[in-house]
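The residues making up each chain are set out below.
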Amino acid sequence: MLLIACPWCGPRDETEFRCGGEAHIARPKDPDALDDAAWADYLFMRRNPKGRHRERWVHAAGCRRWFNVERDTVSHVITAVYPMGKPPPGEGG
Amino acid sequence: MSQPFRGASGGRIERARQLSFTFDGRRYQGHAGDTLASALMANGVRIIARSQKYHRPRGILSAGAEEPNAVVQLGTGAGAEPNVRATEIELRDGLVAGSVNAWPSAAYDVGAVAGLLSPLLVAGFYYKTFMAPGGFWQSVYEPLIRRMAGLGRAPSGPDPDIYDHMHAHVDVLVAGGGPAGLAAAGAAARTGARVMLADEQTELGGSLLGGPRLIAGQPAPDWVAAMAGELAGCAEARILTRATVFGYYDHNWLGVLERRADRLGPSGTPGRSRERLWHVRAKQVVLATGAHERPLIFPGNDRPGVMLAGAAATYAHRYGVLAGRRAVIATNNDSAYGAALDLAAAGIQVLAIVDARWEAALKAHDTIQALGIERFAGAVIQGALGRRSVRGVRIVKLDGRGDAKEIACDLVLMSGGWSPAIHLFSQSGGRPAFDPGLGAFVPGVSHQAERSAGAAGGTMTLAGALGEGYAAGAKAAADAGFGDGRAPEAPHVDAEAGLGVAPLWPVPEPAGGSGQRGKAFVDFQADVTDADVRLAAREGFEAIEHMKRYTAAGLGTDQGKTGNVNAIALLSAALAKPIAAIGTTTFRPPYTPVAYGAMAGRNVGALLDPARVTPIHDWHASEGAVFEDVGQWKRPWYFPQGHEDMAGAVRRECLAVRNAVGVLDASTLGKIDIQGPDAGRFLDRVYTNLFSNLSLGRCRYGLMLKEDGMVMDDGVTTRLGPDHFLMTTTTGNAARVLDWLEEWLQTEWPELEVYCTSVTEQWATITIAGPKARDLLHDLAPDLALGKADFPFLAMREATVAGVPARVFRVSFTGEMSYEINVPASHGRGVWESVMAAGAAHGIAPFGTETMHVLRAEKGFIVVGHETDGTVTPLDLGMDWIVSKRKDFIGRRSLARADIIRPDRKQLVGLLPLDGQAVLPEGAQLVLEPRRAPPVPMIGHVTSSYWSATLGRGFALALVAGGRTRAGTVVYAPLESGIVAATITLPGFYDPDGHRLHD
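Going line by line, the protein sequences match chains V and B. Using our numbering, you'd call the opening residue of the first sequence number 1 and step up by one each time. Using our numbering, you'd call the opening residue of the second sequence number 94 and step up by one each time.
Accuracy of the hints is not assured; some may be wrong.
Label-pair distances were calculated between CB atoms; the ranges are [as the list claims (entries may be wrong)]:
#1 V/A26 - B/R791: 29 to 39 Å
#2 V/A37 - B/A542: 40 to 50 Å
#3 V/H24 - B/L1007: 55 to 65 Å
#4 B/G530 - V/H24: 25 to 35 Å
#5 B/K670 - V/A37: 45 to 55 Å
#6 V/W8 - B/P581: 38 to 48 Å
#7 B/G574 - V/H24: 34 to 44 Å
#8 V/R47 - B/P996: 29 to 39 Å
#9 B/H262 - V/G90: 30 to 40 Å
#10 B/E329 - V/W8: 25 to 35 Å
Within a straight-line C-alpha distance of at most 30 Å, the following computed DSSO-like cross-link-like pairs (lysine-lysine) qualify [said to hold, decoys possible]:
#11 B/K376 - V/K50
#12 B/K978 - V/K29
#13 B/K799 - V/K86
#14 V/K29 - B/K980
#15 B/K490 - B/K670
#16 B/K999 - B/K980
#17 V/K29 - B/K490
#18 B/K799 - B/K999
#19 V/K86 - V/K50
#20 B/K799 - V/K50
#21 V/K86 - B/K980
The set of hints was computed from the structure by calculation and includes no laboratory data. If you're wondering where the values come from, they're calculated on a predicted model, not measured in any experiment. Using N, Cα and C, we set each Cβ at its ideal position, and we do this for glycine too.
Next up, chain V with everything else stripped away, as it sits in the complex:
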């Protein structure tokens, strides 16, 4: 069971959270400008890396806030927790 450091509540058991899938997928500003393939890419296509991955999580049974988590999908080591709207650590912005 992962131990996730909620930025607002501190380290809590995984069962208090829900994973919202890959992070940093912004909704296109003008969906009409996208052809079907590009829209499908936004809708359906997700990375499934072996190793470092960025995900959105929500503290569903706690403060109900969303945030980003950088997690290794093999070792489950969490290397960073950072707020929504912020770039991943080390990638400026």
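For this one, chain V is given, so just place chain B on it according to the hints.
Relative to the frame of chain V, chain B by itself:
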């Protein structure tokens, strides 16, 4: 004497306390402190079980958790527990146990004829033998195999016991209370760290309980008691005995199963939980789980009376039980010599040591000679003699010189070296490494914050275990932030030699052997022989994980604790590849089986899932309502009167609403209060239609899509103020919709200032519907103007209803004039009763969800989850009218995808069976040509179907491919009872122009 194999003295049992128990229907005596295994052994019971495939008689192999053979059924009835290891069952007075894989008993087993079929039961037999003829697998082979291979019987009823879940956060968790674990826990606790020590046995000490060791010049149990006393004196230390660390999961989360009160004995206290499942989050873990002795592989190594040497020593020292009278010991290492001396001292006549090596540690050798024990060097057991019990061995020299020699004996002890119990280490994600010196896998690279100490780490001497234990405990505490990491000085113990293991895997076939040598077992529980492993290798199952699944080695409930390394070594030999290159299989939790009851804890029965009830629930119950589960809610389904059946009640309720007035408890509808300056803009984005232009005090029906364009939820939202809306959702989706709104606000549109609050339970909602609804509301709220212009359809008014401040929404789901009266939840019951009292003059009837469904279906109104299933768009439902073309919203772009605008998508239609009396079953598939040879293309399915009292006939809603262009077409539902024909219509059978709503 009632216990012929109980020694006259010795052991840690309470000889004064005699206990009576039953095994396979026979009564025996034992003592407090016995396990079921030691008590059976004391009584001379040799056959405890039958093997899984061949039904061979099996006895006790080990003295602990690794036991593969002596697996029994405990108790009877609802309290029965299958698949328990006799070596771990604490004896209690009145205990009832039986064998699991034998009938009528382990001693006399009808299934033993399976042994005659053994040529058919080789590795992979599932895939080979039982192939033809077709259909025989399901009808004949599988039921037969299942009966033959039974591993116990399920309890006859719900578990009568209670189980608790406990949560602990510790600095250092120590798994195992032997010398290394005790030292580690003591060293860590001295720093003030919060320490938990968990040991699976009834008392601390581990291997020290099974031998005559001295620590600091005192008997080892004295040191154990001193350490336990010291730990008990530490405020932050907790000792759990009878507690197995069964699982090591991510981020140093471990599961510990603590056995507290056995259901079988009088000591079980009512109200006391039988087991506790501990959820432990540990900063640091010390694995001091010891090692398991390995069997040797020779023909007949599974005969009752053939067992592990260390186990026999444990039975002698801990339980005062002699495993036999005349023993031969087979070994490939020095530990067997110590066992030989122990057993000789305990009163077993040790006839010979058969050592596969030429050399042994000199000191051990001398002592053996002094005791007159014959030593065969460079020799192995070629086979054990006897069937139901061992009666001798045949010994041959490895170099083939000289004749085989037979020795009569009733006990054969195997010592094939020791395998560290690396199960928890492996579960933690650590990678094991092969240690050729030990001939075993040891912990390699760690993955989590753990360290191994003592035999679990491959250190097999007592001095080593103590030293490593103290060091590991001190370092673990320091890593958790306590102490300086320096280990306390370990007490003195006498020097010991190492094991000097010379790995010996399969016993070689002697030169000129006949080939008819009998079965040599690798995995006792799964009945896997050395020949099976070689066969798997020949047939291409060369990867260790493939071999495991093909032969089933390691797949038993014991997870191959004794057989794993031997199986890997055999595969290595068969493939001529080093063991390190073969690797080991991954151990998975649980280390030993965990009862479902313990996993469920208190979350059973009424506590499994919360039941949500409305403030009016008790009234419904007292009126005899039949309830329906909608999500976690209990909703009245229908209100039968007298001897009315469901159909009769629903017919009466429907007519009451259509002709007079009905009242529905709609309190379960999800209600979300939405406020903030951007609330209108936000709703424009989450609904397909516009809400920012909604006038104050007006209501609007809205449809919510997922981004893929599929309908997610619907409901009515009302503007309560310039920046204030009240959204309603379907009963089952309320929480999901709130999650959805919050997700978009926080992740995509944080610039919007909007606040969402669930107010579902703050309001009771009482819906009155029917042509008399207006008159009834007038009686309840005489000051409220109800004229068509004063209070139009889709408007909200605040008013005093039955003396209570209320919000009244004029909306309708039934097609009749309808008012949803919302009052604070605490007033719900009172207002409901006022509605019923005032409604009596108008012919009011309470109605349930079934009537609500019939009435809305007559109108052609959808229910999310009935007419939609996550693959249905608003266009499919013919609801283009609600899809705005003037703005973007979630899911809009998807509605223009090529697949979404296909004309042959399934579309919502009505169905009228040609036979007016027929009611189609929901879910029925629809076809155009029912009598065509299969496959018959299916063009749709029924989503809702009812008898309509208003129409006097059956009717349905359905999703049909290109349905809107098929109006008037006859489709067919092929049912078991016959084919039902129905005409496709537009959905909506009642008051299609909505006059009754708007009046």
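Has the given pair, V/K29 with B/K980, been kept, meaning a C-alpha gap of at most 30 Å? Between V/K29 and B/K980 the Cα gap is close to 13 Å, so the pair holds against 30 Å.
Measuring from beta carbon to beta carbon, are B/K670 and V/A37 in 45 to 55 Å? With a Cβ separation near 49 Å, B/K670 and V/A37 satisfy 45 to 55 Å, so the hint holds.
Distance restraint hint 34 to 44 Å, applied to the beta-carbon atoms of B/G574 and V/H24: With a Cβ separation near 35 Å, B/G574 and V/H24 satisfy 34 to 44 Å, so the hint holds.
Hint consistency between B/K799 and V/K50 [alpha-carbon to alpha-carbon, up to 30 Å]: The given pair, whose Cα atoms are some 29 Å apart, holds under the 30 Å limit.
Measuring from beta carbon to beta carbon, are V/A37 and B/A542 in 40 to 50 Å? Since the Cβ atoms of V/A37 and B/A542 sit about 46 Å apart, the hinted range of 40 to 50 Å holds.
Between the alpha carbons of B/K376 and V/K50, is the straight-line distance 30 Å or under? Answer holds: B/K376 to V/K50 is near 26 Å, not above 30 Å.
Take a quick look at whether B/K978 and V/K29 sit within 30 Å of each other, Cα to Cα. holds (17 Å)
Pair hint outcome, V/K29 versus B/K490 [Cα-Cα no greater than 30 Å]: Status violated; Cα separation ~83 Å.
Are the Cα positions of B/K999 and B/K980 separated by 30 Å at most? holds (26 Å)
Quick check on a hinted range of 25 to 35 Å for B/E329 and V/W8, using CB atoms only. About 29 Å separates the Cβ atoms of B/E329 and V/W8, which means 25 to 35 Å holds.
B/K799 paired with V/K86 [C-alpha distance capped at 30 Å]: Roughly 25 Å between the alpha carbons, so the hint for B/K799 and V/K86 holds.
Could you check the hint for me, namely that V/R47 and B/P996 are 29 to 39 Å apart, CB to CB? holds (35 Å)
Hint violations for this structure: numbers 4 and 17, all remaining hints satisfied.
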